[in-house]
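From just these sequences and the hints, can you work out the full model?
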Amino acid sequence: MKDPRVRSLFTASHIRTRHLDLPPPGPDGPPVEGQGELLARHRAGALDMGGRALTACLARAGLGVGDVDHLCVITTTGFLAPGLSAHLIRALGLREDCSRLDVVGMGCNAGLNGLGPVAAWARAHPGRNAVMLCVEACSAAYVFDGTLRTAIVNSLFGDGAAAILVRADGRDEASFAPALHGFASHIIPQAIDAMRYDWDEAQGKFSFYLDRDVPYVVGAHAETPVRKLLAAHRLPQRAIAHWVVHSGGKKVVDAIKYNLGLSAWDVRHTSSVLRDFGNLSSGSFLFSLERLHAEGRVRRGDWGVLMTMGPGSTIETALVRW
Amino acid sequence: MPQSLSITRETDRVRIALAAPRVDMGAITELEAALDAAEDAGIPRIVLVLRCEGMSFAGFDPDGAPDIHGFHRWEKVVTRLERARALTIAVADGPCHGPGFQLLLACDVRIATRDARLSLPEVQQGYLPGMATWRLARYVGLGRAKRLVLSGAALHAEAAEALGLVDAVAPDAADAESAGHALLGDASPVAGTLARRLLIESFETPAEDAVGHFLAAQARAIAQPAFARTLAAVRRSDP
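Heads up: the protein sequence lines correspond to chains A and B, in order. So this note's numbering is basically just the index in the first sequence, starting at one, shifted up by 43. Every letter in the second sequence is one number past the one before it in this note's numbering, and letter 100, counting from 1, is 84.
Hint data in this document are derived by calculation from the structure and do not stem from the laboratory. Only a predicted model underlies this, so the values are computations on that prediction, with no experimental measurement involved. By construction, the Cβ of each residue, glycine as well, lies at the ideal position given by its N, Cα and C atoms. Warning: the hint list may mix true and false statements.
[Unchecked claim] Sample of chain B residues facing chain A (criterion: CB under 7 Å; computed from the structure):
{"no.": "1", "residue": "H197"}
{"no.": "2", "residue": "A201"}
{"no.": "3", "residue": "A207"}
Written out as structure tokens, the structure is:
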């Protein structure tokens, strides 16, 4: 990394550590991999991370792989058919009557796009176990071409997986899980090209593109879904005790803070997840949610807003109450 | 139930006056409700008329004894005022001791009447003047803040003006409020409250972070109707 602009992206302090799975460097520095090798690493990495996240989630609830009735797997960093849900069922030994859904290609916001149908499945099957798994092998989705465009992506994203259990039944006093009260979505069609993962003919790979206006686009529209979400439940914004916001990047988090009037404290877990893991795409907000729970400040009856932003361009929100 | 605050509302402003000589839990509860109502109605300006002899601990807990959680609740309401979606004007109308001075420090514009007296007597009484320790040092510097907090000495209106604690001195409360509105002029609540947030945060934000915060705030400001009007006016006047 000789270009000082590129170097400064990697040394900025808002991201200190990330988990990446990279092959050894090639003769000119960056590893040499084709799209086929990247897809193979996505599959292997996603099965490894995803399997561990799934079993850890089940263990926390005192469940085993045989207890999963519905599995929704979310990923954007690689495509395969059958989807990761089928591979995970085979690899982990989930039941053969486990129903499945794969949400592919929806990007950083996808966790909340997936949570809607997962919650609907859970409501239609009271007492049964639906699991949503977000698994992103971002290091299987890189391109090195010496441009600022790819350097921005390569310096931001990290690998990670997180899973949550969704169930419609009486409140489980032991797990202290929040209840879902509603969703609000907002897509910005004129910004459809601002974030995209599409084919780069010159590199022969999929390449992620982040427009420099992403923070401003997200910021300018952030209030719209939040107002709609809160208005549907007649809540003023001050009623929201906890904000669980996707760790999109420093500028995106600033845009959310200054447009919604949130303090640095309100987004402390968003900032700390960004600092420790980078942008984990669809799973980021679940990492923040876990940190919020671990902190022990949440009280029964508190309201919270979950918020994710990504390609579309889109902002997804959910209202929860503990 | 005794009224601790007197509230008058006009279309574009709400005036909240302390009606009891001492701030107690009832006043805190009423102030919370007044700030809720102003926020829900989207009122762009809040005027706080302060005449205050000090703090009363009535209602801090069921036994009426001072309670740390009561102080916590007080700090929360002061911080809410400081971060209100409206621009805020404090009028120090006569004695403004303890909690009155603390509220004044949280306001965007501060005007004193000629007979105003400002002090923080808490340390002399064996406790602390809330987060005024934090705010006052930012207004006047550490040395002056130590003198005011430790001695509890009262400042006359002119002395408070000389220190930059109040922006102007006026003959009476009505003139003081007018002076506050005149000082804010046409400042829009969005640009004004964003600028206020950046100013407050400037003391602890590294320059590299502050630039990002400024850009996020500026993007919001220039998307508002107030800036669109400015832009239209500039374009009309350009040849």
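task: Please verify that hint: A207 (chain B), Cβ, nearest Cβ of chain A, below 7 Å or not.
output: Result: holds, 6 Å to nearest chain A Cβ.
Cut-off 7 Å, beta-carbon criterion: hint that A201 (chain B) touches chain A: 5 Å, holds
query: Given H197 (chain B) as an interface hint, is the shortest Cβ-Cβ distance to chain A below 7 Å?
result: Since chain A brings a Cβ to about 6 Å from H197 (chain B), closer than 7 Å, the hint holds.
Consistency with the previously given hints is maintained throughout, with no hint failing.
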